Amino acid sequence: MIKKIFKYVVFELIRSRIVWAYAVFLLLSTLGLFYLGQNSSKTVISILNIILFIIPLVSIIFGTIHLYNSKEFIEFLLTQPVDRKTVYWSEYFGLACVFSFVFTICTGIPVLIFNFSFTSIYLITSGIILTFVFISLAFLSSVINNDKVKGIGLSIILWLYFAIIFDGLIMSVFYLFRDYPLEKIIIFLTSLNPVDLSRVMVILQTDVSAMMGFSGATIQNYMGSFTGKVYAFAILILWILIPSYISYKIFSRKNF
Amino acid sequence: MIEIKNLNKYYGKFHVLKNLDLNLEKGEIVALMGPNGSGKTTLMKSILGLVIPDKGEIKVNQISVKNNSSYRKIIGYMPQIANYPENLKVSELFKLIRDIRGGDDSPDKELIADFRIEEIYNKNFGQLSGGYKQRVTAAIAFMHKPSLLILDEPTSSLDPLSSEIMKSKILKEKKESNLIFVSSHIASEVELIADRIIYMLEGKIILNTLIKNIKNGATEFKLGKALKDLIDMKIKEKND
Ligand SMILES: Nc1ncnc2c1ncn2[C@@H]1O[C@H](COP(=O)(O)OP(=O)(O)OP(=O)(O)O)[C@@H](O)[C@H]1O
Ligand SMILES: [Mg+2]
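So the protein lines, in turn, are chains F and D.
Just so we're on the same page, the working numbering is the position in the first sequence counted from 1, plus 745.
Just so we're on the same page, the working numbering is the position in the second sequence counted from 1, plus 16.
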């Protein structure tokens, strides 16, 4: 059953113009950056910066809208002999898989062609993980808000927070308390931001110290590059599991 | 066929269903009546698992509906407000259901004829008029020869002719092995089709009786009037 409904969700998404627009944008910006840049490993870093911005934005906003637009479909499924678990996870994996697939084809493959390296593989991995994380957050924000406008609003706030505001916060903490040993706090704060964790995971692989940032440098000093990468990866997995599971629990108690 | 024990439902602080007990046996057409907001839809949705009760138990054919979905195989449901994906054609909607339910592939012709939906069969659901939406929703409820039919105000936006068709379809489905649970505000309609009447008031069932018992052999009988007298009496009893 989960396969049948998953298939429906995927076909529905493939017909969506937003998914195609996302694909075209990723492909053009990836090819454009390789075309303009001279040094392909530097280009990978520029692509990383685009990914860290665009994947969370598109995943969380479109994920939220998609779930509200699927309200009728979901309600209908629940009047049929289909359980909530099946409905929820088909929707979740349908979205997450389509978006990860689009990213892998439009950004991942070109990156590997122009720059076949471990860094590129890390870049692709972190893009896929970020997609899953922000779709989990999208589901959480739409499941806790019956009102579409509020749900989308919360998603925009979450994105702004992770993509923009958070950096400022961590920087101020660092400057205000720079005389104190702050490693643990910086690592803790970084763990609270999946966008930063993804960046750190890729940057630790490149060892480009100019790109480390406070969080990257701290993690590198404290744990070393390898443990740092493993740590970032593990926390990111939690960032996928925890929100998606909480919203699943709320979904399974919801009144339709 | 349906056993409900001590059912309670709150929406926030609002107590919608209050310690509700109900047993329904197959072979009957049971009409659910009651004023707007008395909890009819909420009760029906609880049986379907769309609404999660706060307390109490619901069993359909001895299976508890909690955390279960397979019991819905035998249920055909017609919601009060037809809410299907707007961008699906009626034909695609039918196909989707067949795909999910499995089973036989082409019993639709009769249904399409019964509910006279040929001319809109290839239109998007979102483009249909209210009455046509309701007819499609009805056809979907009847599609898999359900032995439990839950119909929430099935004739509320139908024209008189369609309404007659709907009623005769309901009577046609009445069998020893079936239970038809239908909510309605129209006393004459209930009198015509139902065997039993259940009356809800503020989340409680205050009347559950066979219609022939109210009739009591009278020839000149108006269910609406008889019902009003009965309910006035019940409310008075309660207040004394
Ligand atoms: N999702 C919801 N959230 C909050 N309150 C709700 C919700 N659904 C229903 N209610 C409230 O519960 C009460 C019962 O509603 P219900 O739809 O069951 O009534 P009903 O008997 O079917 O009425 P009608 O004859 O108008 O169809 C109403 O007061 C309604 O406002
Ligand atoms: Mg109702």
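Source of the hints: derived by calculation from the structure; they are not laboratory data.
Don't take each hint at face value.
Said to hold, decoys possible - Calculated lysine-lysine pairs in the BS3-like style (CA-CA distance at most 27 Å, straight line):
hint: 1; chain 1: D; residue 1: Lys111; chain 2: F; residue 2: Lys830
hint: 2; chain 1: D; residue 1: Lys29; chain 2: D; residue 2: Lys89
hint: 3; chain 1: D; residue 1: Lys188; chain 2: D; residue 2: Lys21
hint: 4; chain 1: F; residue 1: Lys999; chain 2: D; residue 2: Lys188
hint: 5; chain 1: D; residue 1: Lys228; chain 2: F; residue 2: Lys999
hint: 6; chain 1: D; residue 1: Lys161; chain 2: D; residue 2: Lys111
hint: 7; chain 1: D; residue 1: Lys244; chain 2: F; residue 2: Lys752
hint: 8; chain 1: D; residue 1: Lys29; chain 2: D; residue 2: Lys75
hint: 9; chain 1: D; residue 1: Lys82; chain 2: F; residue 2: Lys994
hint: 10; chain 1: F; residue 1: Lys830; chain 2: D; residue 2: Lys252
hint: 11; chain 1: D; residue 1: Lys185; chain 2: F; residue 2: Lys749
hint: 12; chain 1: D; residue 1: Lys161; chain 2: F; residue 2: Lys748
hint: 13; chain 1: F; residue 1: Lys749; chain 2: D; residue 2: Lys190
hint: 14; chain 1: D; residue 1: Lys188; chain 2: D; residue 2: Lys42
hint: 15; chain 1: D; residue 1: Lys241; chain 2: F; residue 2: Lys816
hint: 16; chain 1: D; residue 1: Lys105; chain 2: F; residue 2: Lys816
hint: 17; chain 1: F; residue 1: Lys893; chain 2: D; residue 2: Lys185
hint: 18; chain 1: D; residue 1: Lys252; chain 2: D; residue 2: Lys241
hint: 19; chain 1: F; residue 1: Lys929; chain 2: F; residue 2: Lys748
hint: 20; chain 1: D; residue 1: Lys191; chain 2: D; residue 2: Lys161
hint: 21; chain 1: D; residue 1: Lys21; chain 2: F; residue 2: Lys816
hint: 22; chain 1: D; residue 1: Lys185; chain 2: D; residue 2: Lys105
hint: 23; chain 1: D; residue 1: Lys220; chain 2: D; residue 2: Lys188
hint: 24; chain 1: D; residue 1: Lys228; chain 2: D; residue 2: Lys89
hint: 25; chain 1: D; residue 1: Lys241; chain 2: D; residue 2: Lys75
hint: 26; chain 1: D; residue 1: Lys89; chain 2: D; residue 2: Lys161
hint: 27; chain 1: D; residue 1: Lys241; chain 2: F; residue 2: Lys749
hint: 28; chain 1: D; residue 1: Lys75; chain 2: D; residue 2: Lys89
hint: 29; chain 1: D; residue 1: Lys111; chain 2: F; residue 2: Lys994
hint: 30; chain 1: D; residue 1: Lys111; chain 2: D; residue 2: Lys188
hint: 31; chain 1: D; residue 1: Lys89; chain 2: F; residue 2: Lys749
hint: 32; chain 1: D; residue 1: Lys139; chain 2: F; residue 2: Lys816
hint: 33; chain 1: D; residue 1: Lys21; chain 2: F; residue 2: Lys893
hint: 34; chain 1: D; residue 1: Lys252; chain 2: D; residue 2: Lys42
hint: 35; chain 1: F; residue 1: Lys816; chain 2: F; residue 2: Lys929
hint: 36; chain 1: F; residue 1: Lys999; chain 2: D; residue 2: Lys244
hint: 37; chain 1: D; residue 1: Lys89; chain 2: F; residue 2: Lys830
hint: 38; chain 1: F; residue 1: Lys752; chain 2: F; residue 2: Lys929
These numbers were taken from a predicted model, which means no experiment stands behind them.
Check each numbered hint from earlier against the structure, then list the numbers of those it violates in ascending order. 2, 3, 4, 5, 7, 10, 11, 13, 15, 17, 19, 21, 23, 24, 25, 27, 29, 33, 34, 35, 36, 38
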